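K.L.:
The residues making up each chain are set out below.
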Amino acid sequence: MNTKSEVKPEVMVIDTTRQAVPYQTGNIPGPKMAHAVMPAVPGKMLIKAKRPLLIVGSEIDDEEVLARVVMFGKAGIQIASVGDSYKHLSGKGLDAHYINMHALASYLCDPQWPGLDGKGGYDLVVFFGITYYYASQAISALKNFSNLKIISIDKYYHPNADMSFGNLKRDVFIAALDEVIAQLPK
Amino acid sequence: MTPKKGSFVIEELENVQINIGKVGAEEEQIAQGPTPRPEIIGLRNWDYHIIDRYNPVYTPTGDTCDFCTYGKCDLTGNKEGACGIDLEGQSARQALLISIMGSACHSAHGRHLLNYLIKKYGADFPIDVGPSNLKAPLTETIMGITPKTIGDFIPVLEYVEEQLTQLIAATNTGQEGAARDFESKALHAGMLDLLGMEVADIIQISCLGFPKSDEKAPLAEMGMGILDPRKPVVICVGHNIAAPAYILDHMDKNGLFDKIEIAGLCCTAHDMTRYNKTAKIIGSMSKELKYIRSGIPDVLVTDEQCVRADILKEAQKLHIPVIATNEKITYGLPDRSNDNVDDIIDDLVSGKQPGVVLLDFEKIGELVPKLAMKIGPIRKAKGYTALPDEEEFKKLVSKCTKCLQCTRDCPQSLPISDAMAAAVNGDLSLFEKLHDKCVGCGRCDFSCPVDIPVLNVIEKASQRVIREEKGKMRIGRGQIGDPEIREEGRNLVLGTTPGVLAFVGCGNYPDGTKDVYDIVEEMIQRSYIIITSGCAAMDIGMFKDKDGKTLYERYPGRFVKGNLLNTGSCVSNAHIAATTIKVASIFAGRKTKGNWEEIADYVLNRVGAVGIAWGAYSQKAFSIGTGCNRLGIPVVVGPHGTKYRRAFIGKPYKKDDWNVLDGRDGSVVNVEPAPEHLMITAETKDEVMPLLAKLCFRPSDNSLGRAIKLTHYIELSEKYLKKMPDDWHIYVRSEADLPVAKKEQLMKLLEEKGWKIDWEKKKILEGPLRKVDVSFQPTNVLRLCKEVKK
Chain A
66 MNTKSEVKPE VMVIDTTRQA VPYQTGNIPG PKMAHAVMPA VPGKMLIKAK
116 RPLLIVGSEI DDEEVLARVV MFGKAGIQIA SVGDSYKHLS GKGLDAHYIN
166 MHALASYLCD PQWPGLDGKG GYDLVVFFGI TYYYASQAIS ALKNFSNLKI
216 ISIDKYYHPN ADMSFGNLKR DVFIAALDEV IAQLPK
Chain B
16 MTPKKGSFVI EELENVQINI GKVGAEEEQI AQGPTPRPEI IGLRNWDYHI
66 IDRYNPVYTP TGDTCDFCTY GKCDLTGNKE GACGIDLEGQ SARQALLISI
116 MGSACHSAHG RHLLNYLIKK YGADFPIDVG PSNLKAPLTE TIMGITPKTI
166 GDFIPVLEYV EEQLTQLIAA TNTGQEGAAR DFESKALHAG MLDLLGMEVA
216 DIIQISCLGF PKSDEKAPLA EMGMGILDPR KPVVICVGHN IAAPAYILDH
266 MDKNGLFDKI EIAGLCCTAH DMTRYNKTAK IIGSMSKELK YIRSGIPDVL
316 VTDEQCVRAD ILKEAQKLHI PVIATNEKIT YGLPDRSNDN VDDIIDDLVS
366 GKQPGVVLLD FEKIGELVPK LAMKIGPIRK AKGYTALPDE EEFKKLVSKC
416 TKCLQCTRDC PQSLPISDAM AAAVNGDLSL FEKLHDKCVG CGRCDFSCPV
466 DIPVLNVIEK ASQRVIREEK GKMRIGRGQI GDPEIREEGR NLVLGTTPGV
516 LAFVGCGNYP DGTKDVYDIV EEMIQRSYII ITSGCAAMDI GMFKDKDGKT
566 LYERYPGRFV KGNLLNTGSC VSNAHIAATT IKVASIFAGR KTKGNWEEIA
616 DYVLNRVGAV GIAWGAYSQK AFSIGTGCNR LGIPVVVGPH GTKYRRAFIG
666 KPYKKDDWNV LDGRDGSVVN VEPAPEHLMI TAETKDEVMP LLAKLCFRPS
716 DNSLGRAIKL THYIELSEKY LKKMPDDWHI YVRSEADLPV AKKEQLMKLL
766 EEKGWKIDWE KKKILEGPLR KVDVSFQPTN VLRLCKEVKK
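Chains as they are written, first to last, in the numbering used here: chain A, 66 to 251; chain B, 16 to 805.
No lab work stands behind these hints, which were simulated from the structure alone. Being a predicted model, the structure only gives us computed values, none of them experimental. Note that beta-carbon positions come from the ideal geometry of N, C-alpha and C, so glycine has one too.
As a list, the in silico DSBU-like pairs of lysine-lysine whose alpha-carbon atoms are at most 35 Å apart:
| hint | chain 1 | residue 1 | chain 2 | residue 2 |
| --- | --- | --- | --- | --- |
| 1 | A | Lys109 | B | Lys737 |
| 2 | A | Lys234 | B | Lys737 |
| 3 | A | Lys184 | B | Lys737 |
| 4 | B | Lys409 | B | Lys328 |
| 5 | B | Lys328 | B | Lys397 |
| 6 | B | Lys163 | B | Lys576 |
| 7 | B | Lys737 | A | Lys152 |
Here are a few chain B residues that sit away from chain A, every Cβ distance over 10 Å (derived from the structure):
| hint | residue |
| --- | --- |
| 8 | Gly99 |
| 9 | Thr186 |
| 10 | Ile241 |
| 11 | Gln478 |
Please work from the sequences and hints to get the whole structure.
P.N.:
Shown next as structure tokens:
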């Protein structure tokens with residue numbers, strides 16, 4: 066008996082763990098480098114975190130990337146807007162705060178920092194859309210001098226994070242962000 | 016009377032010579048402060064003031080230490096290594112080492128010049144820097160002496176060299192271990208750097224006829240497109256004028272300026288134009304490899320600093336002889352200093368030798384023009400260039416596989432493969448854009464798996480824009496003269512001139528040269544005083560407005576608001592820092608000699624000066640910045656500056672960090688965070704502009720000054736970040752501090768923040784951190800308080 070197999074819609078297979086080598090070739094910090102993760106991991110960690118912080122920078126000027134930043138913000142995640150990224154977030158009704166990335170790295174290492182809104186520090190830092198080497202250096206402070214969990218969901222593999230996507234092509238990157246966002250409470 | 020060294024011989028006692036070190040001392044040589052010639056911990060208390068407020072922030076580039084044979088040690092997570100040092104300590108040790116490197120570089124430059132100039136002009140040659148009584152502010156403040164002759168700088172450099180040796184010793188394994196004290200020592204190294212630079216520039220200004228505080232110094236031609244490549248071309252690379260001066264003299268004497276093109280790359284170019292205004296400038300270090308590969312230079316003359324390590328290799332490929340004129344860079348070349356000039360020329364023209372070390376300045380002066388005249392026509396006839404021809408170019412761009420390896424190796428992550436793809440279709444515009452953003456490092460050449468010489472391809476594609484690359488720069492003026500300080504000091508301290516912004520450093524810009532021009536244009540239109548030096552000074556002059564004028568042609572060069580001043584080469588950075596000392600001394604009457612702490616305390620609390628090294632790449636830039644920090648001057652660097660691994664960042668939420676003393680009675684006053692940081696980075700030019708405005712706030716601002724500074728801070732934030740700054744209200748002490756045009760609107764915002772406003776009288780009743788007090792004497796140093804003194 067012939068049975069018709071169910072026709073499933075074509076789904077883009079996202080593997081964010083490929084190409085997990087430092088995006089800038091020489092950026093090899095030492096024995097501890099980020100675990101490459103699939104989008105489900107940061108998604109679940111964002112849900113589990115008591116006080117997560119999303120950091121975004123000057124590379125959110127891409128329309129599709131910006132749309133994902135807004136989705137994160139609408140899902141209730143507080144945003145640290147570093148570099149000149151705030152000009153893209155202004156007036157969008159997000160809990161977004163401008164701060165200098167270097168200063169933020171310093172404050173995140175300080176348990177006494179009251180946070181961007183005065184409500185206390187953070188337990189999880191997730192970031193994307195920041196100039197690669199700038200982000201890499203800034204989070205090296207967090208890696209070595211704080212107890213925070215740091216996850217890169219950028220299109221670059223960031224060795225100084227605890228977890229990171231590998232080096233992704235733009236379409237995979239956007240799809241990966243969508244997968245992370247899909248797990249957040251609506 | 017200046018102390019002199021002397022000796023005499025007693026007759027009939029032939030073998031006895033009595034040397035007298037120093038004879039006499041008059042009042043002006045007596046130190047006025049407690050720390051003349053401070054030892055390596057002599058200013059530690061001041062350093063602690065700085066470090067305790069502006070905490071060092073470490074961003075390691077590597078988590079291991081391999082300094083000794085115990086290692087490599089894994090220090091990740093601030094673990095200790097085998098010697099007991101943790102990552103914080105190791106990062107601070109690296110900050111010290113970087114500062115020492117930079118400081119040694121400038122001081123050794125000064126030493127080379129001093130030995131040479133004393134030999135040529137004599138130790139008694141008088142110092143002449145222009146219309147100033149305070150001729151050597153850093154020397155006075157650090158050493159406690161007033162030098163009168165170039166020979167008076169001998170003990171100054173001896174002091175620097177001795178201190179640097181002590182500091183280097185502290186970095187050995189088993190020596191210093193505390194991050195805090197490594198930082199204090201790094202600040203010491205930075206201060207020594209300022210001192211070494213001051214010596215180097217004052218002696219060359221005095222002896223070599225450089226402009227002396229000349230606000231109307233002439234303009235120099237500049238750019239990759241300015242030379243006539245049909246003539247023999249001599250290019251001098253580096254920072255030290257000694258050798259190029261002889262070449263210029265020889266050319267001048269023999270009327271060769273019409274026959275030979277001579278120009279400089281990097282700071283040597285500055286000093287060549289200061290020495291002889293006929294000389295030209297190719298540009299910053301970013302142009303070095305690009306220009307060599309063009310094949311245009313017929314002779315390369317190197318001296319010291321910012322010379323590429325591969326310059327001989329690159330030159331050799333194009334049959335460009337290299338004349339190495341400084342002991343610090345010799346490339347394994349034979350020393351021909353004792354040989355006949357014509358013999359050397361024969362060996363270079365024939366290619367028998369790719370270059371020579373030549374340390375005899377007279378011979379350099381004679382040889383280089385002769386060599387250029389001889390080899391120039393030969394090279395031009397052969398058409399040497401590393402750039403591909405049209406056919407080859409097409410083949411090369413079509414070879415690109417878009418693997419992106421070049422982008423991943425590029426310091427700026429430039430989208431090179433997109434430009435390759437566009438060029439396949441005949442569109443060169445993307446490459447033309449890359450030309451300005453590319454720092455010319457050549458890393459891409461080594462990364463390409465299909466062996467495309469990427470930099471050459473970028474440059475070939477950009478020939479149209481390179482031909483048009485013609486700018487102008489006002490020749491380095493040297494110091495800011497005392498009369499200018501008298502005129503402007505008050506405005507600076509009260510804040511009515513919104514600030515002094517010093518654009519210094521190198522060309523490792525995150526997004527191209529144009530950014531630094533854009534930032535300067537914005538800030539100068541807002542009446543900030545812009546001082547510049549080094550590669551930044553060149554890059555500022557590379558762009559023109561719609562009328563074809565550079566910023567140097569649009570804005571005068573006096574030390575008053577809305578002016579653009581170029582002090583000169585790297586070592587002239589000393590004058591920028593020293594300007595703040597002059598303000599403290601001339602405007603406020605502070606004693607300078609041996610009085611670093613008081614002067615730096617004054618600068619930190621009252622002089623709204625900020626340094627910006629937007630493209631800083633070198634150890635020298637870091638040590639200059641660190642020296643400025645010890646003098647109380649905040650410094651901002653571009654995003655690459657995070658790779659220096661240490662910043663000094665204030666924490667405005669820690670209220671107690673912002674306690675200062677009132678000099679009148681020693682009472683503690685909690686002030687606004689001003690300046691908020693001492694060394695910090697920014698990601699983009701749009702971010703840096705409001706940051707610069709904010710870092711110009713000082714506790715001493717009067718209300719008019721504060722209102723002006725606040726206006727710019729708010730406007731720049733609104734213009735570039737599309738928001739009111741979150742912290743603008745912290746800087747409001749009374750309604751008089753509010754910008755007049757927005758007063759009502761801002762008062763409403765303050766009311767929303769919970770401040771109490773009397774709308775009838777338009778007065779703030781409650782809310783500010785403190786009130787305005789025109790007599791307030793902010794200080795961080797208890798001994799400077801009057802009541803305490805009693």
